[in-house]
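Asks: Go by the hints and put chain B onto chain A.
Listed in order, the protein sequences are those of chains A and B. Residue 166 in this note's numbering sits at position 166 of the first sequence, and the numbers go up by one each step. Residue 1438 in this note's numbering sits at position 438 of the second sequence, and the numbers go up by one each step.
Calculated directly from the structure, the hints in this document are not laboratory data. Hints may be right or wrong, so weigh each one.
Straight-line C-alpha distance at most 27 Å; calculated DSS-like pairs for lysine-lysine [to be verified]: (1) K1184(B) x K425(A); (2) K425(A) x K1128(B); (3) K1128(B) x K1048(B); (4) K1389(B) x K1458(B); (5) K1184(B) x K361(A); (6) K425(A) x K440(A); (7) K1128(B) x K1478(B); (8) K440(A) x K361(A); (9) K361(A) x K1128(B); (10) K440(A) x K1128(B).
Far from chain A, by Cβ distances over 10 Å, these chain B residues were calculated [as the list claims (entries may be wrong)]: (11) K1344; (12) P1416; (13) A1466; (14) P1500.
We put the beta carbon where it would ideally sit given N, CA and C, even for glycine.
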Amino acid sequence: MSTLPSLTQAIPEMFVLGMGCFILVVDTFLSDRHRVVSYWLSLATVAATAWLTVAVAQTGGLLTFNDMFINDSMGNVLKLFTYLVVALTFLYSREYLRDRSLFKGEFYVLGLFGMLGMMVMISAHNFITIYLGLELLSLSLYTMVALDRDSPVASEAAMKYFVLGAIASGTLLYGMSLLYGATGTLDLTRLGMQIAESATINVGVMLALGFIIVGLCFKLGAAPFHMWLPDVYEGASTPVTMYIGSAPKIAAFALFMRLLVAGLGGLHVEWHAILTVLAVLSMGIGSIVAIVQTNLKRLLAYSTISHVGFILLGILAGTTEGYQAAMFYVVTYVIMSTAAFGMIILLARKGFEADQLEDFKGLNDRSPWFAAMMLMVMFGMAGVPPFVGFFAKLYVLRAVIDIGMSWLAVVAVIFALISAYYYLKVVKLMYFDRAPQDSKPIQADFDMRWVLSGNGLAILLLGILPGPLMALCARVITF
Amino acid sequence: MPVIGLADIALMGSLDMTNAHFPILSVLLWLPIAGALVVLLAGRMAPKSVRWLALFFSTVVFAISVPLWTGFNTGTASMQFVENIPWISTFNVHYYLGVDGISMPLILLNTFMTVLVVIAGWEVIQYKVAQYMAAFLIMEGLINGVFSSLDGLLFYVLWEAMLIPMFLIIGIWGGPRRVYATIKFFLYTFFGSVLMLIAIIYMYVKSGSYDILAFQHMPLGMTAQALIFIAFLVAFAVKVPMWPVHTWLPDAHVEAPTGGSVILAAILLKMGAYGFLRFSLPIAPDASHALMWLMIGLSLVAIIYIGFVAIAQTDMKKLVAYSSVAHMGFVTLGFFILFLIFQKTASTEGTVMGVEGGLVQMISHGFVSGALFLCVGVLYDRLHTRDIKAYGGVINKMPAFAFFLVLFAMANVALPGTSGFVGEWMVILASMKANFWIAFGAAFTLFLGAAYTLWMVKRVLYGPVANNHVAEMHDIGKREFIVLGLCALPVILIGVWPAPLLDVMHASVTNLVHQVVQSKL
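Here chain A stands alone, though its shape is the one from the complex (with noise of 0.2 Å):
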């Protein structure tokens, strides 16, 4: 206890903690003209972030911290597709805050504070680093949220996400406690080897079970536990929704993987149970509510709720095959969602939203390439091939399949059909209707209309040869 734990593991993290608080004193010194500097700057911490990250898992050693922190190769190839899904929030946000004089220091600080909180999530292996991480990202969002500080709907969005968020962290909080008082310990190996070994199954770790599932489905945005999603969806600015929308789903995902599947597999069995009905009353919630929706940000929230219904198949499945695919579809689901985002994004202008599912109408007058692109994301969401969202879909019923429950499966899949419905909806609005006579043209930023078009490539391509993510995948996890 005496030596100093070995510190390299962690050396990301401390970079990007390091870079935080250096930008933000930087950005103090900065007149607006030259706020881009704290842009580039926070560009370079993610980047650099990363090759430090591939540079880390080269040199091994698995736990330090006293066992508090874990650096495996799921959480290296989850932090490195955090860092990609960061990196593409920042370039598309650029152009939309400055429009807005939002372009500040605090988004992008904020932006990485948040991004240290995914890492520790996704890196954590005991429960108070879980809860550190998870409280990171957290405040950082909320505070993301009330960024644009004059406008009503975003403050109401704020303070609703914070309400609802703080008692979803205390009912997490509560589940841990009990977790302690049951079985004494922390740490997520030994919590997982003393309910392996327990025969009976003891109350208070149901109920702990039970908290924590609560808890966890908040953060991921699964009904009934998603009220939040669509008010601050559509209540934060868009990069926000983007930010909140896309990396922070890859790190719950790892939290699931750490808490019930390291943690708790031993309770297999339960979590099975709760996690099926969660399943279907999210595919549920999800493809039908949607169907109403006028605005696309409130769509693409419900959206959301359907694919984390999906995400949960694969969870549930228990098996290793099932976790690879709720990993391979969160991973391609943030890249769809972050295009979509993007989208939104592109056909903004100075004072107009275009957040309305009205403002796409005709898109494929104004710009036919971007709508090959909006296009892609649909028919990537609603699963049909060959775009990428159908391997993700087909990776999770899969795993369902599998392990018998072919009933599941064919609910999925009827819930994905109703889904199609309002992904159609846009692509109908995009081709088949005209744009209005005072459309103006696309205004974009060179880059960011590059990286927007490789983002929607990417749709296409990974559904083209899906085989090395899904490889990349199937190696990483191995519980």
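Replies: Just chain B, lined up with the frame of chain A:
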């Protein structure tokens, strides 16, 4: 002489063919898609060249597909022109292409009809020409892939992907109710196919591969077979379409542009019937046997009831659409009557005839219904209505057109000497071996088909010139003449000399029937 089994031949074939030969099927799948990208790019840079480029690519693809026919070995039932490389190793999915006598003619039908569609849209389509042509080229490639894929997942991917261009074609270039029609089309087909996906995954989980040929030889219990059969039935019945899931078809046809209708009727409907032969029958023979009466019943309902429905139509496109449903009923009847004939005669001879009749009917209907939709398109381009009542006495103003319309109408009512006769006659003859009353019911359609088709022709073509609009109509131009002429050629050719087509199919169909009549239990 040593006995060489079928499997050995297949092995030899795949060994020296996998890498050595020109990957003709891959070219047929990817070249149209590459062509579509070129067309889209040209739409931006040189809009004038778009039509010629599309024509160029579709003709080249057709030319490349001809060696499938000329180089086809009619003596074997095993797959030919095989290409097999691993695609997704995690799932053991292969990029596995190959054709037999059942799928090869359908590919040729597809490449041929796409050329016609490109020519047919030459002047009619003025809005977003590049996207229109590109959509058809992409669809051509995907459909070629559907007919040639021997991997279940690859098949599913292409089968579904094909919906996207069709969805856009109906939605962008369609009629006034195009949005309703195209969303209905998409959701109906999507609903059918997702259940098929579950069945395919189920078989993968059981067998460890997506190889369709392995599915066919996989032992399956009755319950599993029945569930698989029903899952596939939903997918294929929607596509064929069979009564009562046919209701998307009239809507889609009426709203689709002429080219869309042609491809829908000529190719897309055939995908469903092809699915029965490739999946349902060989994978679940016992379930097919047990549910035979359901299938025969649905087919007869399609033939007779939909025939009556067609008579009542006032919209020409709807009439042809319902006639398609009725004709496809013949195809499914020919397939599923197989068990009945086998029970009665205990030989596979008659059964082979029924299935071959169904297949010939598929090819023939591809040309005939495509041509009929083109004819309706010709009329629509002139008067902008498809209402039969708006026409009358057209023959006085458009004699050349009248010649073609009468020809295709005769083929639609299965007049001897046209391609329509061969298939229907074979199916009725085969049904006769099974059950007189089924044959009677099927033959009834000849009368019904004549009623609705000829009555329409009479009302449109003959009589005095109905109104001033008709009086101003001008006869078909060179472009329309070429399109209709190209359709007429195979209709007559197959009608007077069907032997080459039957030769191509014979080995594969015989092999299939032998497979199907053997119980898997």
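Asks: Hints numbered earlier in the text: which of these fail when held up against the supplied structure?
Replies: none
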